[in-house]
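Novice: All chains, please: the whole structure from these sequences, using the hints.
Chains as they are written, first to last, in the working numbering: chain A, 792 to 972; chain B, 128 to 460.
Some clues are possibly wrong.
Ranges between beta-carbon positions, derived for each pair [what the hints assert, rightly or not]:
id, chain 1, residue 1, chain 2, residue 2, range
1, A, Met938, B, Leu336, 27 to 35 Å
2, A, Glu908, B, Leu373, 14 to 22 Å
3, B, Val438, A, Asp953, 19 to 27 Å
4, B, Thr345, A, Met938, 47 to 55 Å
5, B, Ser174, A, Met938, 53 to 61 Å
6, A, Gly869, B, Ala208, 42 to 50 Å
7, B, Phe450, A, Phe831, 35 to 43 Å
8, A, Leu942, B, Thr236, 51 to 59 Å
9, A, Glu908, B, His460, 23 to 31 Å
10, B, Ala342, A, Leu898, 32 to 40 Å
11, B, Pro437, A, Met938, 53 to 61 Å
12, A, Leu853, B, Ser413, 47 to 55 Å
Because the hints were derived from the structure by calculation, they are not lab data. Bear in mind the structure is a predicted one, so any value in this text is a computation, not a measurement. Glycine included, C-beta positions come from ideal geometry on N, C-alpha and C.
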Amino acid sequence: MKTILKCLVTFLGMILFVFTTESYAQQTHIELGLRSQKSFGLYFENGLVAQFSSDSIAHNRLRLGIGYISSRLGSAMGTNAIKQDNYQVWMSYYFKEGHKLQPFVSLGSGFFRADYESDDFAVLDQSSLLLSTTAGLEFTTPFRLKMNLALGYNLISGNGLDGPGTLYPVFAQLNFYYRLK
Amino acid sequence: MKNNYLIYSSWLNVNLATLLSMQRFGLALALCLGIILGSCGDPSEISDDLLDGKIIFDPSLLSPENYLTSLSKPNPTSEEASRPVFILCHGYSASTFEWSEFIEWTGVTDTYYTSSVLLGGHGRSYEEFKSASWYDWQQAIFDEYEALLAAGYTNINLVGSSTGGALILEAISSGYFKGKTAPKHIFLVDPIVLPSDKILPLIGVIGPLVGYTEAENTNGEKSYWYTYLPQKTLQELQKVIKKVRLDLQKGIDLPSQTSLKVYKSIQDLSADPVSAVLIYKGVSPSNQVNIKMVDSKLHVFTRLNDRVDPVNAQDRLNQVQTFQEMVEIALNH
Numbered sequence: 792m793k794t795i796l797k798c799l800v801t802f803l804g805m806i807l808f809v810f811t812t813e814s815y816a817q818q819t820h821i822e823l824g825l826r827s828q829k830s831f832g833l834y835f836e837n838g839l840v841a842q843f844s845s846d847s848i849a850h851n852r853l854r855l856g857i858g859y860i861s862s863r864l865g866s867a868m869g870t871n872a873i874k875q876d877n878y879q880v881w882m883s884y885y886f887k888e889g890h891k892l893q894p895f896v897s898l899g900s901g902f903f904r905a906d907y908e909s910d911d912f913a914v915l916d917q918s919s920l921l922l923s924t925t926a927g928l929e930f931t932t933p934f935r936l937k938m939n940l941a942l943g944y945n946l947i948s949g950n951g952l953d954g955p956g957t958l959y960p961v962f963a964q965l966n967f968y969y970r971l972k
Numbered sequence: 128m129k130n131n132y133l134i135y136s137s138w139l140n141v142n143l144a145t146l147l148s149m150q151r152f153g154l155a156l157a158l159c160l161g162i163i164l165g166s167c168g169d170p171s172e173i174s175d176d177l178l179d180g181k182i183i184f185d186p187s188l189l190s191p192e193n194y195l196t197s198l199s200k201p202n203p204t205s206e207e208a209s210r211p212v213f214i215l216c217h218g219y220s221a222s223t224f225e226w227s228e229f230i231e232w233t234g235v236t237d238t239y240y241t242s243s244v245l246l247g248g249h250g251r252s253y254e255e256f257k258s259a260s261w262y263d264w265q266q267a268i269f270d271e272y273e274a275l276l277a278a279g280y281t282n283i284n285l286v287g288s289s290t291g292g293a294l295i296l297e298a299i300s301s302g303y304f305k306g307k308t309a310p311k312h313i314f315l316v317d318p319i320v321l322p323s324d325k326i327l328p329l330i331g332v333i334g335p336l337v338g339y340t341e342a343e344n345t346n347g348e349k350s351y352w353y354t355y356l357p358q359k360t361l362q363e364l365q366k367v368i369k370k371v372r373l374d375l376q377k378g379i380d381l382p383s384q385t386s387l388k389v390y391k392s393i394q395d396l397s398a399d400p401v402s403a404v405l406i407y408k409g410v411s412p413s414n415q416v417n418i419k420m421v422d423s424k425l426h427v428f429t430r431l432n433d434r435v436d437p438v439n440a441q442d443r444l445n446q447v448q449t450f451q452e453m454v455e456i457a458l459n460h
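Specialist: Below is the structure:
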């Protein structure tokens with residue numbers, strides 16, 4: 792699993808390098824935001840996200856995102872819910888560029904880890920690779936603020952035999968982005 | 128006919144083309160609704176060799192005195208009343224058969240008693256199963272618990288498998304035992320808090336489209352487990368396990384004299400093993416809670432008869448060890 796995580800970080804670094812290099816010639820856009828994710832049947836997980844895009848790559852339609860969301864900032868705050876962390880990377884494609892309401896699709900990956908807080912549960916899977924698809928709608932306000940709502944599906948989830956039992960397949964996301972540049 | 132459209136279009140202040148397209152949309156909507164409503168029925172035919180049919184019932188309905196200690200021994204002496212009684216609670220869509228191996232293993236003994244409870248709505252016809260709520264399922268446990276208390280029994284132990292475990296946890300969290308003699312020990316075998324099938328939380332959306340699902344039971348199981356599972360009962364299952372999960376999230380306090388022992392298979396296609404983690408984190412005080420992860424791939428690993436998969440030596444060992452431990456704890460602690 793550590794190897795997978797290293798590969799993901801390397802991959803992300805390479806893409807960020809491309810975006811950064813590209814910014815010398817073309818306008819690069821950076822958006823910072825907040826994400827609230829709810830698995831159908833389980834927890835709220837909240838956290839921070841960032842998206843990068845460039846005018847020169849697919850005319851700003853392609854966006855690379857990174858994020859960290861956790862139940863520590865959601866359902867597990869002050870409760871007995873399991874503390875779990877999601878380190879996410881994704882690539883989104885936006886349709887109808889320039890419109891106020893933009894449909895988009897994403898392919899995501901990352902790393903999931905749950906903390907069971909006892910060695911009694913060492914036999915159970917506590918971490919997993921993330922692989923997901925999402926589709927949604929983004930609304931652009933007259934300000935620099937964007938808001939989008941998406942439905943997603945985790946292609947890898949717990950099933951009682953393999954995978955962490957708190958990694959659920961169907962989820963909804965609410966994202967707020969503020970454009971820095 | 129066209130004149131009518133003209134009248135309607137002027138009345139609704141829309142043009143004729145719009146009205147016709149609205150009519151087409153309405154027809155499409157009616158067709159979709161028709162398909163949905165048509166598909167949400169019940170099985171067209173239920174064979175009489177199934178528990179779901181109208182001939183096979185759980186035997187505890189015919190002779191409850193053979194299953195319930197409150198009926199077989201309604202007037203215990205003070206010494207008998209202090210002996211442990213195990214109230215055995217089966218899971219969703221099952222019947223008293225689920226705990227029959229514990230009763231067989233017990234054999235003839237007077238050191239403790241067993242009450243094998245048939246959950247409400249279970250062990251009867253498909254229609255009766257469909258019409259019962261999870262409150263009805265749970266009420267049968269309460270009825271026997273109260274009957275034993277009324278008879279004078281003081282050493283009551285609750286044993287719940289799968290959904291039976293969830294119903295017992297719900298009883299604690301809802302304060303059912305407050306003001307009553309609390310159970311001495313609670314034993315949960317593969318309790319379900321999170322389902323392994325992660326689509327179950329969507330049953331409220333997809334359930335009405337499918338009507339019912341069909342379980343893959345062995346020939347032996349068909350007389351003791353429902354084959355057809357109405358989506359309404361799956362919604363009830365989802366309601367009760369969701370409630371228990373949220374109660375655990377807030378915290379469930381055990382009665383001060385009650386201990387909780389949880390046995391959980393490390394691989395389980397019905398109750399996700401992480402259910403044990405949620406119970407461990409959610410029930411307090413922690414010194415009264417003990418969790419044992421069991422090396423098994425079976426859901427309710429204490430029931431071995433009529434399984435689809437072959438049962439191995441480890442499964443038999445798990446079963447006997449668990450039975451022995453439950454009895455030993457109830458007799459000596």
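Novice: Of all the hints given earlier, name the ones this structure violates by number, lowest first.
Specialist: none
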